[in-house]
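2 protein chains.
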Amino acid sequence: MSEILLKNVYIDDRRTDILVRGNIIAKIADGIEAPEAESIDCSRMAAIPGFINMHTHAAMTMTRSVKEDMKLQPWLQHIWKVEAQYDKDILYWGNKLACLEMIKTGTTCFNDMYWGGDLAALAVDEMGIRAVHSYCMLDNGDMEKAEKERRALIRDFEKSRSFSSRNMFAVSVHAPYTVCEDNMRFAAMFAEQNDLLIHIHLSETEQEITDSQEKWGCSPVEYCERLGLLSERLIAAHSLWLSPHDIELMGAYGVTAVHNVNSNLKIASGYKFPMEELIAAGANVTLGTDGCGSSNNLDMMEALKTAAILQKAWRRNPEAIPLDTLLKIGSENAAKALRLNAGKIEEGRLADIVLIDMNNVFFTPNYNFKANLVYSANSSCVDTVICDGRIVMRGRKVEGEQEILDNAAACGERLMSRIQF
Amino acid sequence: MSEILLKNVYIDDRRTDILVRGNIIAKIADGIEAPEAESIDCSRMAAIPGFINMHTHAAMTMTRSVKEDMKLQPWLQHIWKVEAQYDKDILYWGNKLACLEMIKTGTTCFNDMYWGGDLAALAVDEMGIRAVHSYCMLDNGDMEKAEKERRALIRDFEKSRSFSSRNMFAVSVHAPYTVCEDNMRFAAMFAEQNDLLIHIHLSETEQEITDSQEKWGCSPVEYCERLGLLSERLIAAHSLWLSPHDIELMGAYGVTAVHNVNSNLKIASGYKFPMEELIAAGANVTLGTDGCGSSNNLDMMEALKTAAILQKAWRRNPEAIPLDTLLKIGSENAAKALRLNAGKIEEGRLADIVLIDMNNVFFTPNYNFKANLVYSANSSCVDTVICDGRIVMRGRKVEGEQEILDNAAACGERLMSRIQF
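Line by line, the protein sequences give chains F and E.
Using this note's numbering, you'd call the opening residue of the first sequence number 1 and step up by one each time.
Using this note's numbering, you'd call the opening residue of the second sequence number 1 and step up by one each time.
The hints are simulated quantities; they were obtained by calculation from the structure and are not laboratory data.
Don't take each hint at face value.
As the list claims (entries may be wrong) - Covered, in the sense of this in silico footprint (three residues per stretch, anywhere, with C-beta under 8 angstroms from a C-beta of chain F), are these stretches of chain E:
| hint | region |
| --- | --- |
| 1 | 257-265 |
| 2 | 354-366 |
| 3 | 372-380 |
| 4 | 410-419 |
Unchecked claim - The list that follows gives simulated cross-link-like pairs (lysine to any residue, SDA-like), each with its CA atoms no further than 25 angstroms apart:
| hint | chain 1 | residue 1 | chain 2 | residue 2 |
| --- | --- | --- | --- | --- |
| 5 | F | 370 | E | 370 |
| 6 | F | 272 | E | 314 |
| 7 | E | 145 | E | 73 |
| 8 | F | 81 | E | 371 |
| 9 | E | 370 | F | 80 |
| 10 | E | 71 | F | 317 |
| 11 | F | 81 | E | 368 |
| 12 | F | 328 | F | 26 |
| 13 | F | 370 | E | 368 |
| 14 | E | 81 | E | 141 |
| 15 | F | 159 | F | 83 |
C-beta: ideal position from N, C-alpha, C; glycine also.
Please model the complete structure; the sequences and the hints are all you need to start from.
Dropping the structure here:
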C-alpha cells in the first residue's frame, strides 16, 4: 500500500509528522519512521483538511465572465443561450477546468448541481478529487417534462452505480418554483428509498419568498416540509431569505444550508445569511462558490474570508463567526453533510489534505496561523493537495494543466462562435 | 537611458507592444523595434497600471493577525501595546515586508499614515516602488503635545526634502476627534503653504458622527470645512458615514475619499460606502487596504473585488459600479489625487506597469479580461511589476525576498517576546 510521510508539518499550533497509508491518515505523531513512504519536507508548511465546495455547477466554468454587471433576468437569458450550445467536449473540458481550479485553490471535493454527471465523473476521476454529481430535475410545471425528468433521474442514478468510489450521486431538485409538487415529492421518496442526498436551490431571493407565499401560502422551507423534503438528506443552497420559523425547521430536521456569499453579493440576491441563527438552531452550515456564471471562480479560500467579514459587518459585531467556527464551515461540516469520513486531519480519516505554504508575505509574521490563512492569505498559498491518499498537486503543479487550459480556451472560442449576442 | 520592451502584450482588448524608456512609457504601437531594450515576451500577459493603495499604515504588517475577532476598543488596546514596543529594526523590516507584499500583489504606490517616514522611505527606495509618507499628528487635545506635534511635523517635512523622487511627503492628521482645533487649522495652513496633500481618517464609525454632532454641532466633514481642511489636497480615509450634505461638500471641494472595504467589514465599522453618490457629487473615489492590524493584508486586487460586489449587494443592483469605474478607482483616480503622472497605460505617463499572467484557470476562458481580473483572479496572477521604469518583480521573484521574510519573522518574534498579553 502506498505511503506518504509529511515530515515536520504544522498542525493545530504544533509541528509533527503525518503518515498517509493507502487513502487514510494512518498516524499523526512526532518522529514517524516510514522508509517506504514518499517523504515531503513540510518544515515551511501547514496541513489543513481539503475544502469542500458544497454548491457549484462545475461545467459553468465555460460561462466564466461571459456577461457581467447585469440584472438577473437578462443575465439568465444570456447564460441559457450559452449553455444551450454546450456539446460533450465543452462539458468534459469545462469539468476538467473546474477540477483544476479547485485543486489549485485547495478544494478536494465538490457538490455539483448539473446534468451529464457521467462526463463530470470522468473528469473528476482523472483529476483525482471527489464529487457528488446529480441529475438536476427542472420541469417548470410541465407534466410531460416532469415525467421525463423522473425517468432521467432514475437513468442517471443507475449509471452512477458504475462511478468510482470518489464519485457519488445525489438527487437534485432545481428549486421549489421550477419543479412541480409531484416531482418534489418524488425526489424525497426516491432519495429515501435509495439512501441519497438531495441538493436544492432554496430561498435564494426575496422574490422567491413573496411568490411562495402567494402560491402556497407558506415559505419555500415550509413548503418543502409539507412535501417531505426536510431531513438530514437535504442540502439547501443559498438559504438566504429565512424566517425565524424556517430557521427553526431547518435546525429541527438537521438540514444542511450552503452559503454562497460571493454569488449572493454579486448578483445582489442579499447579504444577511443567518449563519449564527442556523448554527444555534442546530442546522448544519456549509459554504459554496456557486457556478462561475454567477460568481466567477471556485475559490473557497476567498469565499471563507468574504463570508466571515461580511457577517461581522452587517451584525455590527467583530466577534461574530470566530475562526474555528468558520474553518469547520469550510470542510468538517461539509464532510458530515456528504457522509464523508473526511474534513479533519485526524487518524482514521480519509487523507484529503492540503499543504499550505507559509513561507510568504501573507504568513509573515505568523502569530496566528488560522487568522493568516483566512484573513491574510489567498489560494496561491496552496502548495500541495492530497486527495484519497494520492498527491494531485505538488509545488503548485498539476499534471496535464497546460492541456486543460488550452482545451478549455479552445472550447470557449468555439462556444462563443456559436452565439449571437 | 535604459529601455524595456513589452512584446505582444494585451491591453484594451488588443495586442500591441509597449516601449518603456527611462521611467516613462515612451511608445505604444505594433511591431516596435528596440534592439537595445530588455525585451519581455508578453504573449500570455496583459498590462495594467500598478494599483495605488490610498490608505495604509505600512509598518503595521508587524501587527498582522496579532489579535483577532475582537471588539474595537479592547483590540486597539492590544495593538497600541504592540506598537509601543516597536524599535527601528522592526519599523524598517515592517516597511520592507509591506513593500514586498505590495509588489507581489501589484501595487506600485501607497499613501501611508504613520511616523518615522525616513525609515519607510529607505525601505521604499530599496524596494523600488513609490510612497507618500507623513507625520501623523495626534494630540488628544493636550496643548503641550499639540505644540510638539507641530514641531515634529515641520521636522519630518524638512527631512523629507532629501527623499528620493519616488518618496513624497504629506501632512497627516489622525482624525478630527484626536487632533485639537488649532492643529487641524495648522495642518490646513501648512499644507497650503508648502503645497502638500493632507491625509486624514474621516467619518469612519457611526459613533464618530454622534460625538461630532454633540461636540461641534455638525458632522466631521462640516467641521473640516469650518477649519479650512476641505480641498483637493484632502485625502479622507474611510468617508463611510456621510450625510447627503457631507457628500455634496466633498464633491464641491473635490476631496478624495478612500474606501477601505475589508477593514470596514472586519472591524464592523459599516458597509454602505456611498461610492455612487460621491462620484456623482464630483468627489474623487479611491481605494485602500488600511493597515494589517485592522484588515490583514495589503492586497488591492482582493479589495477591488470585495468593494464591487458589496456595492452591488447592499444597493440591490447588480449593475452598480461597472468594471471601468472600478478599475479607475484602483489606480487612475488615485494617481490624480497624488498628483502623480501615473495610473494609466498611456504614452508619456510614468512606467508603473503590472503584467498579469493570463495563462491560468482564473483567465480561462477569457471572454472578458477585466471581469476575470476583478471577479475571478487573485493577486497570484501578478507576474511582473515595473515601477518608475525599473523591473521590481519578474516571474513573481523579488530580489532579497527570503531575507525580508526571515528578518520580519524574527522581528515579529522579538516583538512578541516583549509583550505580556
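Okay, the hints, checked on the actual structure:
Under a criterion of three residues with beta carbons nearer than 8 angstroms to beta carbons of chain F, the stated coverage of the region 257-265 of chain E is upheld, 3 such residues being counted. With 7 residues having a Cβ less than 8 angstroms from any Cβ of chain F, the region 354-366 of chain E passes the three-residue criterion, so the hint holds. Counting residues of the region 372-380 of chain E whose CB lies closer than 8 angstroms to any CB of chain F gives 7, so the stated coverage by that chain holds, three being the minimum. Counting residues of the region 410-419 of chain E whose CB falls under 8 angstroms from any CB of chain F gives 5; the rule of at least 3 is met.
Straight-line distance between C-alpha atoms of residue 370 of chain F and residue 370 of chain E comes to about 31 angstroms, which puts the hinted pair past the 25 angstroms bound. Taking the CA atoms of residue 272 of chain F and residue 314 of chain E, the gap is near 10 angstroms; set against the 25 angstroms cutoff, the hint holds. Restraint check for residue 145 of chain E and residue 73 of chain E: satisfied, since their Cα atoms lie roughly 23 angstroms apart, inside the 25 angstroms limit. With a C-alpha separation of about 20 angstroms, the suggested pair residue 81 of chain F and residue 371 of chain E falls inside the 25 angstroms cut-off, and the hint holds.
A distance of roughly 22 angstroms separates the Cα atoms of residue 370 of chain E and residue 80 of chain F; the hinted pair therefore holds under the 25 angstroms criterion. Restraint check for residue 71 of chain E and residue 317 of chain F: satisfied, since their Cα atoms lie roughly 7 angstroms apart, inside the 25 angstroms limit. With a CA separation close to 17 angstroms, the supplied pair residue 81 of chain F and residue 368 of chain E stays within the 25 angstroms bound. Our distance criterion of 25 angstroms between C-alpha atoms is met by residue 328 of chain F and residue 26 of chain F, whose separation comes to about 22 angstroms.
For the given pair, residue 370 of chain F sits about 34 angstroms from residue 368 of chain E by alpha-carbon distance, which is inconsistent with the 25 angstroms threshold. Restraint check for residue 81 of chain E and residue 141 of chain E: the C-alpha separation of about 21 angstroms stays at or below 25 angstroms, so the hint holds. Annotation: proposed proximity of residue 159 of chain F to residue 83 of chain F holds, straight-line Cα distance about 23 angstroms (limit 25 angstroms).
In this structure, the hints that do not hold are numbers 5, 13, in rising order.
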